[in-house]
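Participant: In order, the protein sequences belong to chains Y and E.
End of the first sequence sits at 1375 in my numbering; the numbers just go up one at a time, nothing left out.
End of the second sequence sits at 98 in my numbering; the numbers just go up one at a time, nothing left out.
The hints are simulated quantities; they were obtained by calculation from the structure and are not laboratory data.
Note that beta-carbon positions come from the ideal geometry of N, C-alpha and C, so glycine has one too.
Hints may contain errors.
Claimed, not checked - Far from chain Y, some chain E residues (derived; all Cβ distances over 10 Å):
| # | residue |
| --- | --- |
| 1 | ALA33 |
| 2 | ARG47 |
| 3 | ASN67 |
| 4 | LYS83 |
Said to hold, decoys possible - If you anchor each label on the Cβ, the simulated ranges turn out as follows:
| # | chain 1 | residue 1 | chain 2 | residue 2 | range |
| --- | --- | --- | --- | --- | --- |
| 5 | E | LEU65 | Y | SER1214 | 55 to 61 Å |
| 6 | E | ALA89 | Y | GLN1334 | 54 to 60 Å |
| 7 | Y | ALA940 | E | LYS34 | 41 to 47 Å |
| 8 | E | LEU87 | Y | SER1226 | 27 to 33 Å |
| 9 | Y | LYS1099 | E | MET86 | 39 to 45 Å |
What the hints assert, rightly or not - With the C-beta cut set under 10 Å, the calculated list includes, among others, these residues of chain E facing chain Y:
| # | residue |
| --- | --- |
| 10 | PRO35 |
| 11 | ASP56 |
| 12 | LEU91 |
| 13 | GLN93 |
Each chain is listed here by its residues.
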Amino acid sequence: MAQTQTQFGYRRHPDQDRAGTNAADHPVVVVGAGPVGLSLAIDLAQRGQSVVLLDDADRIGEGSRAICFSKRSLEFWDRLGIGQRMVDKGVVWSVGKIFHGASQLYQFNLLPEEGHKRPAFINLQQFYAEAYLVDRVEQLPDIDLRWCNKVGALEQRNDHVALTIATPDGPYKIHANFVVACDGARSSLRQMAGAEFAGQAFEDQFLIADVKMTAEFPTERWFWFDPPFHAGRSALLHKQPDGIWRIDLQLNPDADPAVEKLPENVRPRIARMLGHDKFDFEWISLYKFQCRRMDKFIHGRVIFAGDAAHQVSPFGARGANSGLEDAENIAWKLDRVLRGCSPESLLESYHTERSAAADENIRESTRSTDFMAPVSRQEARLRKAVLSLAKETEFGKRMVNGGRLSVPSVYETPLSTADRDAWRGGPRPGASMPDAPMTERNGKAMFLTEAFIKQGSGFTMLAFGNGAAAEAPDRVGTIRVGGDDGFVDAAGLAGQRYDAEPGTAYLLRPDGYVAARFRHPTRTALDAALARAAGIN
Amino acid sequence: MALSTSSNFAKPDDAFRAIVEAHRGLSEAQSADLDAALVLVLANHIGDLDVLREAIELAKRRMLDASLQQQQQQQ
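If we strip away everything but chain E, and leave its shape as in the complex, we get:
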């Protein structure tokens, strides 16, 4: 099974909102704790190491893009 990147929610805004609202009123540290727990819960629900690795790779590409952008700005 490959990582699905097509839109899976009927109402994507509701899903985004649900996550955002979960973080409302939390300190940065609490938010980070929440994210950590959420990632583990969702990863277990997916239950497929290949999909998880693909997801990590896709997410991590943001770090790469961000550092490239930073470099370009510095130049």
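Bound-form chain Y, shown alone:
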């Protein structure tokens, strides 16, 4: 961690010198400087908002924690100007292998095609991701990041939220039009809002060990059912930067956490797995988990995002990645509402879209967990049958569930305009934009996701072919592919991935999701789709 700063100082802010009756007003306060809060603050600031970002600690948390960042998260971070730094440091991977006992059952490739700027996943210790995000925050004068500022009380008023904040210098108050709580699974703001957080708790315990060693394993995700080195349980191996390997071992439900965590007890297990003893521990942690979410992600003027709003099991990399999807979903909506461009009701679509995504993530990760740790003898029997059938049948392989990895949800949302034309493929309204390789007229390579960022990550019309598509409405960017002056789609992949014909146009939301698509849009149809996507009905 030598090249990154992880310790930060508390600094007194002039807001603290104001009387409680004369508290400073801020448009938006983000609570929690983890990956979600930091990313949200950057997105808001890049859209021109002033953001106060509060964190109760003065340092970045220890341990690698969330290590798998998805293609979608990397594309979001590209928009925030830090995607490349993450990828440069991270370990790129797209292949996963599933083993049963000593033999391989099957392998999968999460991104089997070329022509995407970003890989399926990178592995990167969470502390690196946070450190890079903090570096980016420090480049943005519109973000006021206050360490050692702990929200102690929250009071909802008609047109603002009053926050009482504890600091080393004592408490002070600020007012915010909106508060976004990104303060993690044990969210204190959630408790202050009096919100329920009900769900399913899992009894099985898992042990994480980050191990430093030189090893020849490929950069793939390896998952074992009943491995020879850990009979009857499951195990997971991931490569991280700096020669660190993440090893995840399932323990018995009745294992004693204090005993299991002792390095002298972990060491023999890992040695059995690796077949040697030449490694050092970087971090050992034991965890149980729950799958649950808040009923409502919005409580008055307080909006919940990331682990504060929903928790999943770790199998599938759906925790941090879904939190980042929350951030990119709420950022542009809050920005529009704060500018008065959209009514406050637009924010409801954040709950609609992201709570459905949370349900999907909970469903998927619960299924994976149940497969790894069957809850009854009959479930264990069915799993045994699947694992055994997987050796000789295709359907058996596909039923083996060693974690289904995070992909962006497709939103059923009032912001979408339903298809009226005929489509054979391409992303439907509510789906995120697929990437594609293109070149500029001068031959310079440019990915579609890069062109989207160049347009300012606002509402953007993606139009194919010569002028048949109507002009984009005001303040809507245009990406033209093909025709006399558009990007060159030499490989034909943009056209193929969007099922494009000359005249085809997609209306993309500021978060890169499809709002509407047309074979030959009229200006009236585009205007209507834009109003709908902006929550103006």
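Starting from the structure of chain Y, add chain E where the hints point.
Facilitator: Then chain E, alone, in the frame of chain Y:
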């Protein structure tokens, strides 16, 4: 497609027999393993979630009937 409950085998006795014979000589645990594998193989062959759900519902009604019967006997 709906679940077919009309008789589909030309010789239903042969089909029943084939299943019964598959279980001959197996312990209870082995039989349960065989059933689990067989259910998965057949479910995949059907390949239709609605039909599968209907089949589960029809099969599960036996559990309900059995518990009702038990209750009645106890009364």
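Participant: Now tell me if each hint is right for this structure.
Facilitator: Hint by hint, here is what the structure shows:
Listed as a non-interface residue, ALA33/E keeps its Cβ farther than 10 Å from every Cβ of chain Y; the least gap is roughly 27 Å. Distance check on ARG47/E: its Cβ is at least 19 Å (rounded) from any Cβ of chain Y, clearing the 10 Å threshold; non-interface status holds. Not every Cβ of chain Y is farther than 10 Å from the Cβ of ASN67/E; the closest lies at roughly 4 Å, contradicting the non-interface assignment. The Cβ of LYS83/E lies farther than 10 Å from every Cβ of chain Y, with a closest approach of about 14 Å, so its non-interface assignment holds.
Separated by about 21 Å at the C-beta atoms, LEU65/E and SER1214/Y break the suggested range of 55 to 61 Å. The beta-carbon spacing between ALA89/E and GLN1334/Y, approximately 56 Å, falls within the hinted interval of 54 to 60 Å. In this structure the supplied range 41 to 47 Å holds for ALA940/Y paired with LYS34/E, their Cβ-Cβ distance being about 44 Å. Distance hint check for LEU87/E and SER1226/Y: the Cβ-Cβ separation is about 31 Å, which falls inside the suggested range of 27 to 33 Å.
Distance hint check for LYS1099/Y and MET86/E: the Cβ-Cβ separation is about 43 Å, which falls inside the suggested range of 39 to 45 Å. The restraint placing PRO35/E at the interface with chain Y is violated, with a minimum CB-CB distance near 26 Å, outside the 10 Å limit. Taking 10 Å as the C-beta contact cut-off toward chain Y, the hint placing ASP56/E at the interface holds, the least distance being around 6 Å. Of the supplied interface hints, the one on LEU91/E is violated, with its beta-carbon coming no nearer than about 22 Å to a beta-carbon of chain Y, more than 10 Å.
Look at GLN93/E: its Cβ only gets to about 20 Å from chain Y, farther than 10 Å, so that hint breaks.
Hints 3, 5, 10, 12, 13 from the earlier list are contradicted by this structure; the remaining hints agree with it.
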